[in-house]
Amino acid sequence: MKDIFFKVIGHRLFWPLVMLVVLIAINVINVPGFLSITVNAEGNLFGSLIDILRNGAPTLIIAVGMTLVIATRGIDLSVGSLCAIAGAMACSIILTSPDPNNVGTVAVAVLVALALALVLGLWNGMLVSVLGIQPIIATLILMTAGRGIAMLITEGQILTVQSTPFKFLGSGFIYGVPFATVVAAVVLALVALLTRRTALGMLIESVGINPEASRQAGVRARGLLFLVYGLCALLAAVAGIILTSNQTAADANNTGLFIELDAILAVVLGGTSLNGGRYSLTGTLVGALVIQTLITTVYTVGIPPIATMVFKAAVVVAVTLLQSPTTNAALERWRSRPKPTKTSSRPSEPVVAR
Amino acid sequence: MTTIDAPQSRFAAVVSRTTDAFTSPKSGPVLVTGLLFIVMFVAGGVRYNGFFSATTILNLLVSYSYLLVLAIGMSFVIISGGIDLSVGAVLALSTIIAARGLQVGLPPVVVIVLILVSTSTLGLLVGLMINVFQIQPFIATLAAMFLARGLCYIIAKESIAITDPFFTSMAQPIILGPRLSITASVIIALVALVIAVWVLQYTRFGRTTYAIGGGEQSGTLMGLPIARTKVLVYVISGFCSGLAGLLYSFYTLSGYALTGVGGELDAISAVVIGGTLLTGGYGFVLGSALGVLVLGLIQTMITFEGTLSSWWTKIFIGALLLVFIVLQKVLTSRRA
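Protein sequences appear in the order of chains A and B.
With the working numbering applied, the first sequence covers 1 to 354.
With the working numbering applied, the second sequence covers 1 to 336.
Just so you know, the hints here were simulated from the structure itself, not pulled from any lab data.
Some, not all, of what chain B presents toward chain A, calculated at C-beta under 8 Å: (1) 132; (2) 147; (3) 268; (4) 278; (5) 311; (6) 315; (7) 318.
All C-beta atoms, glycine included, are put in the ideal place defined by N, C-alpha and C.
Working from the sequences, and respecting the hints, build out all of it.
Structure, rendered in structure tokens:
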């Protein structure tokens, strides 16, 4: 019984899931109809839970790419800037086209934006794999320069677009489900299939656990690194387009600002270590949901939204402290303490062995 | 390199010593930054009227004294192999505490002490999180960044002006000569710089900081006080962010929750351009100071150019970062 208890507590998703349940419980207490999902006149699903799934989609999409990058013992700080670049690119193409409402125009704009982001992602991959630069630094370059590039594309303006097909990407519905949520689900499923149904995931983990050993075992890290950074950038662009479409405007300064931090946080909350190696896409999903539920909670409880960051800090500190090796070691000591003997009349408190 | 015996090769010896200095991972990047600064300064002087003057340098110091202090704190952290993402937010928190504290009528001395103590305490907490709970510096300082930024908004959403006579007197220029003036902030920043150089180069704590960046395990085996030093490094960074915020509030005479967004990036960039290796173990605070001046000079040149838009600053800084990171890579791999 006790063993099962500790197995559950020791599971890496235990604390994040507890956090998620607590947050949802707080919401349910404050807003009685929180869990209810209704279908409106157009046949679209509505409800707080749907909002969480829709608004959390961009973070989740980026976090999926980030998970793979982190699994290779890397990190990608440039995703926020890539969001801005992709949004700026798509909007400027739509604006210069004669017919913004043409589906073809929007498709071309989105594809060009994705291609541009892919190129920039491969650039990150090149810096990391070919030049051997530390990932945090290599992607810092694009993080800094990226907002400049985005402004170069928008020429310092906030580009507002009036395009029905483009607006659909951020706020449309497919069979009643928000389009952004569908995209996030598809991305998560595809990446999970691609990495877990093939050896790809294991190879990525091996590069993260021990690059030298995996090289000697014949794993070509270079190609894998190109792949994960390219994919991460591509997904960042997808998220950027959704964000931009949601705002119906490309803002080079503010689109995707701090989203890299949320994405990294989602990955870490999900139990994937920043030291690389084992990764969990399920964990990332939970992490992203925790973050988005937290933001929603702040609104429903009536805490001023400006205090969101303090709560985010509290959650990060709480979860990382609970997951930390020190806490686990302390739990382990408590678990393996000698059992008090029943034969003695007054069992004295056993001294914890150090 | 090798010792040179023949007397005719004194010139060769100088050349070899110079190439040695330039190709060493320790001093190479700093020297390149120094050269770059001189080249940019001269090129700017050739291109623009009134650029090549002491006024330009002093203006740089006045405008960027806060960044200099941020970069000093960041140098300690990066040399020890860590990173601090919270400095920009802590700077903003410090300006807000200053403005709000003065608004409710606290005397300036109390406000200043309050700022420095609270930001150092935040640094201490971060250090303990990293050291005791083995949380990566990236995540721990990220949490601190969220906390500081959030507290800013809770204390005051809008910008608060500072009218306190002591603070306004600190904003007044000190005239050194015709068209030459500095502010008290410059003096404070330079004093901080001198202290930082002394601490890093000549104290046991400084050497332990380098040792942690060079190899934490070796440091532990040598019996160095690793834990204490690692925590202290973040206390220093917190203190410097608080001081930088104070200087910033002297400079702008206001407190605002959105100041210093991206300040951590500027500080990290300055440290990298100043030749500090991001893996830790190498670097000079003076290099970081040079890095700050180079960043400032880029901004000044873009202002002087007039036709270039502000976003080119970011692209230039990114490009410069790239050059320096590749340079460091080449230099360290050659020695390895």
